[in-house]
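J.: Going line by line, the protein sequences match chains Z and R. All letters in the first sequence, in the order written, are residues 1 to 202 by our numbering. All letters in the second sequence, in the order written, are residues 1 to 202 by our numbering.
No lab work stands behind these hints: they were computed from the structure. Misleading hints may appear alongside valid ones.
Intra- or inter-copy, both count: the list cannot distinguish identical chains.
Said to hold, decoys possible - Below, a list of computed lysine-lysine pairs in the DSS-like style, where the Cα atoms sit at most 25 Å apart:
1. LYS40 x LYS17
2. LYS175 x LYS136
3. LYS82 x LYS40
4. LYS17 x LYS136
5. LYS136 x LYS182
6. LYS52 x LYS40
7. LYS17 x LYS82
8. LYS82 x LYS136
9. LYS17 x LYS171
10. LYS171 x LYS136
11. LYS50 x LYS171
12. LYS52 x LYS175
13. LYS189 x LYS50
There are 2 protein chains.
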Amino acid sequence: MQTTNTTEQQIIEAARKIFMHRGLTGARMQDIADEAGINKAMLHYYYRSKDKLFDIVFTEAVEMLLSRVSAIFTADLLLEDKIQSVIGSYIGSISENPYLPLFILNEINQNPDRIIQRFVNTPSFPNIQGFVMLLKEEMDNGRIRRVDPVQLMISVISMCVFPFVAKPLMKAVFKIDDERFKLFIEERKTFVSAFVLSALRP
Amino acid sequence: MQTTNTTEQQIIEAARKIFMHRGLTGARMQDIADEAGINKAMLHYYYRSKDKLFDIVFTEAVEMLLSRVSAIFTADLLLEDKIQSVIGSYIGSISENPYLPLFILNEINQNPDRIIQRFVNTPSFPNIQGFVMLLKEEMDNGRIRRVDPVQLMISVISMCVFPFVAKPLMKAVFKIDDERFKLFIEERKTFVSAFVLSALRP
DNA sequence: GTCTATATCGGGATAGAC
DNA sequence: GTCTATCCCGATATAGAC
Numbered sequence: 001m002q003t004t005n006t007t008e009q010q011i012i013e014a015a016r017k018i019f020m021h022r023g024l025t026g027a028r029m030q031d032i033a034d035e036a037g038i039n040k041a042m043l044h045y046y047y048r049s050k051d052k053l054f055d056i057v058f059t060e061a062v063e064m065l066l067s068r069v070s071a072i073f074t075a076d077l078l079l080e081d082k083i084q085s086v087i088g089s090y091i092g093s094i095s096e097n098p099y100l101p102l103f104i105l106n107e108i109n110q111n112p113d114r115i116i117q118r119f120v121n122t123p124s125f126p127n128i129q130g131f132v133m134l135l136k137e138e139m140d141n142g143r144i145r146r147v148d149p150v151q152l153m154i155s156v157i158s159m160c161v162f163p164f165v166a167k168p169l170m171k172a173v174f175k176i177d178d179e180r181f182k183l184f185i186e187e188r189k190t191f192v193s194a195f196v197l198s199a200l201r202p
Numbered sequence: 001m002q003t004t005n006t007t008e009q010q011i012i013e014a015a016r017k018i019f020m021h022r023g024l025t026g027a028r029m030q031d032i033a034d035e036a037g038i039n040k041a042m043l044h045y046y047y048r049s050k051d052k053l054f055d056i057v058f059t060e061a062v063e064m065l066l067s068r069v070s071a072i073f074t075a076d077l078l079l080e081d082k083i084q085s086v087i088g089s090y091i092g093s094i095s096e097n098p099y100l101p102l103f104i105l106n107e108i109n110q111n112p113d114r115i116i117q118r119f120v121n122t123p124s125f126p127n128i129q130g131f132v133m134l135l136k137e138e139m140d141n142g143r144i145r146r147v148d149p150v151q152l153m154i155s156v157i158s159m160c161v162f163p164f165v166a167k168p169l170m171k172a173v174f175k176i177d178d179e180r181f182k183l184f185i186e187e188r189k190t191f192v193s194a195f196v197l198s199a200l201r202p
């Protein structure tokens, strides 16, 4: 890991920022060049084409997102303070990269096949089976209410991710500014934990 | 309401389909023309420019989405069978227009100002205040657990909307096909209702 | 490796015949 | 109102000097 910003790195970071915000079709190479503080021709010198550049950014993004989801699936237990820390760190990590979810969801919708390709060989693919077994064990022991594990997982992820995806809509509907949104997210960590635990009470 | 498909109507329907799927920047006028089965020049004859056409589609979409959210906010009560019917009809209505949420969320992110304009004079703007009062009443009566009303609302909407937004991702991660996804959605109506009610138990 | 200039192309928009 | 042909601009991509 080298700390000096090579030109390649600068380009990737600029591309990430622009692509995440504007999407593949909305982003312009000129914007990326400006953001990186270099010439437009350099982009093609280092990364052949717009598509190639996008592929790199997209693949990295998928990797990032999957590793986060994986963290949830591989958590030791789903109970009490465990779920609290998982949800907290999940929301926290999205906070650092708030455009990531919508970017991924959007581009996958545009081109579902691309994601399939990326998924086949991805190292951090979530271990679903193990997690489901774990959940069922807890249900059998009567420690939590009996629910469909997949429905539960989707619900947790929904509640963590959706506020970031819907941020501008929330700001308009609830008339809240950036400051209050930040507060909302901070409070959401404890809310979602409590909400889920409450729902799972036997 | 006339049943004959005028050319104007055909264009709007084609535009809706293409814009919803590809977004403003991703959609091409040629695609819309093909979808409508007419010539590209006709689009400009009836609707001046791409932006004008998009504005119409977008405004209609916002209206659709808001009226659904409003339905939730104006429901008489939040308890038992009431919440069940609200969530059921909400998920049901999205099923009929599965691309709507991602389309809206995406375009709002691209251009937050546009939505603010549309919101000012929209007729079906959700009555949040009334709903919050209603919820607080239920809490004071001890019929439900004390929670932040806004956090609760966002959670319900999240759980209803997110699966549609994340459909291609879910299909890849959980390896489910269209058939099983449809089943998942059908089951989700009862799951979310039960989940929320369970979480709200005092 | 980095720049300027330019080629090339796709797509929105218009002109004009019918 | 509907079509074909064309204009025109913006954006990707390349050539070539330094």
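J.: It remains to establish, for every hint, whether it holds in the given structure.
T.: Hint check results:
1. In this homomeric assembly, LYS40 and LYS17 come within 25 Å of each other (Cα to Cα) only inside a single copy, at 16 Å, whereas the closest approach across copies is 34 Å.
2. In this assembly of identical chains, LYS175 and LYS136 lie within 25 Å of each other by CA distance solely across copies; the values are 20 Å between and 42 Å within a copy.
3. Taking the closest pair of Cα atoms, LYS82 and LYS40 never come within 25 Å of each other, the shortest separation being 48 Å inside a single copy and 58 Å across copies.
4. Taking the shortest alpha-carbon separations for LYS17 and LYS136, neither the intra-copy value of 41 Å nor the inter-copy value of 42 Å comes in at or below 25 Å.
5. Taking the shortest alpha-carbon separations for LYS136 and LYS182, only the inter-copy value of 24 Å comes in at or below 25 Å, while the best intra-copy value is 35 Å.
6. For the homomeric pair LYS52 and LYS40, the shortest alpha-carbon distance inside one copy (15 Å) is at most 25 Å, but the shortest distance between copies (31 Å) is not.
7. For the identical chains of this complex, LYS17 and LYS82 are neighbours neither inside a copy (33 Å) nor across copies (44 Å), given an alpha-carbon limit of 25 Å.
8. When the C-alpha separation of LYS82 and LYS136 is checked against a cutoff of 25 Å, the pair qualifies only within one copy, where the shortest distance is 17 Å, while the shortest distance between copies is 30 Å.
9. Taking the closest pair of Cα atoms, LYS17 and LYS171 come within 25 Å of each other only inside a single copy of the chain (22 Å); across copies the shortest separation is 27 Å, beyond that limit.
10. Only between protomers do LYS171 and LYS136 lie at most 25 Å apart by alpha-carbon distance; the minimum there is 22 Å, versus 39 Å within a single protomer.
11. Neither within a single protomer nor between protomers do LYS50 and LYS171 lie at most 25 Å apart by alpha-carbon distance, with minima of 33 Å and 28 Å respectively.
12. Neither within a single protomer nor between protomers do LYS52 and LYS175 lie at most 25 Å apart by alpha-carbon distance, with minima of 40 Å and 27 Å respectively.
13. Within a single copy, LYS189 and LYS50 get their C-alpha atoms no closer than 38 Å, and across copies no closer than 42 Å, so neither meets the 25 Å cut-off.
The structure shown violates the earlier hints numbered 3, 4, 7, 11, 12 and 13.
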